[in-house]
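Novice: Please model the complete structure; the sequences and the hints are all you need to start from.
Each chain is listed here by its residues.
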Amino acid sequence: DAGVIQSPRHEVTEMGQEVTLRCKPISGHNSLFWYRQTMMRGLELLIYFNNNVPIDDSGMPEDRFSAKMPNASFSTLKIQPSEPRDSAVYFCASSPRTDSRQPQHFGDGTRLSIL
Amino acid sequence: DQQVKQNSPSLSVQEGRISILNCDYTNSMFDYFLWYKKYPAEGPTFLISISSIKDKNEDGRFTVFLNKSAKHLSLHIVPSQPGDSAVYFCALIQGAQKLVFGQGTRLTINP
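Chains as they are written, first to last, in our numbering: chain C, 12 to 126; chain B, 505 to 615.
Keep in mind that the hints are not guaranteed to be accurate.
[What the hints assert, rightly or not] The list that follows gives simulated cross-link-like pairs (lysine-lysine, DSS-like), each with its CA atoms no further than 25 Å apart:
no., chain 1, residue 1, chain 2, residue 2
1, B, Lys572, B, Lys558
2, C, Lys35, C, Lys89
3, B, Lys572, C, Lys35
4, C, Lys35, B, Lys558
5, C, Lys79, C, Lys35
6, B, Lys602, C, Lys79
7, B, Lys602, C, Lys89
8, B, Lys560, B, Lys541
9, B, Lys560, B, Lys575
10, B, Lys572, B, Lys602
11, B, Lys509, B, Lys575
12, B, Lys575, B, Lys558
Hints are computed from structural coordinates only; laboratory data are not their basis.
Every value quoted in this text rests on a predicted model; they were computed, and no experiment measured them.
Specialist: So this is what it looks like as structure tokens:
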């Protein structure tokens, strides 16, 4: 079974540029999560979707961040314009049902560096 | 204001001995608790979980203990193996689906 697939694995870009991170959840999973990992704040939830609908985006740091899930097999996290403080590892995760007890399956992350 | 704390950033244990990883939390509303393991350049993977109605859950070499009165969670690995070297995160759920993660503990198993 293919796991959660994230692309790109690494992204280096200059501040002010638009950055788009992509995620393909595990087929059949109904919930999708975007996380950010930094040294200062650890792993923090940015937003999650159930059945393609955003449920909680309270973790999105500011309006420069947006996330979409146009269908069950694809999601994007966009940062526009990007800033150096956005540098982090961004993880996408999915889980089988909207049951909070279902473990989340993580992708291998996108390491983002904003110069 | 950290709701979940793993106070030991790192831990070194001899192969074959017991590894004990600790996690403290402040919010008594957390009702489900998980441990994730993370290797470098990979995403976290689920290891073991426990509900607030239990105080112990065991899966092979891994046992999770929950002390609700102390708001303390621990993961025991015995015997420890070199492949257990990784970063371990505790993660807590309150109500809905939001996981709140600890900062992680880097475990190194020495041969």
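Novice: Each hint: holds or not?
Specialist: Do the hints match the structure? See the list:
1. Lys572/B / Lys558/B: Between Lys572/B and Lys558/B the Cα gap is close to 9 Å, so the pair holds against 25 Å.
2. Lys35/C / Lys89/C: With a Cα-Cα distance of about 15 Å, the restraint between Lys35/C and Lys89/C holds, given a limit of 25 Å.
3. Lys572/B / Lys35/C: violated, 37 Å
4. Lys35/C / Lys558/B: violated, 35 Å
5. Lys79/C / Lys35/C: holds, 12 Å
6. Lys602/B / Lys79/C: holds, 18 Å
7. Lys602/B / Lys89/C: This hinted pair holds, its Cα atoms lying about 21 Å apart.
8. Lys560/B / Lys541/B: holds, 19 Å
9. Lys560/B / Lys575/B: holds, 14 Å
10. Lys572/B / Lys602/B: The hint holds at about 20 Å.
11. Lys509/B / Lys575/B: With a Cα-Cα distance of about 11 Å, the restraint between Lys509/B and Lys575/B holds, given a limit of 25 Å.
12. Lys575/B / Lys558/B: holds, 13 Å
Checked against the numbered hints above, the structure breaks hints 3, 4 and satisfies the rest.
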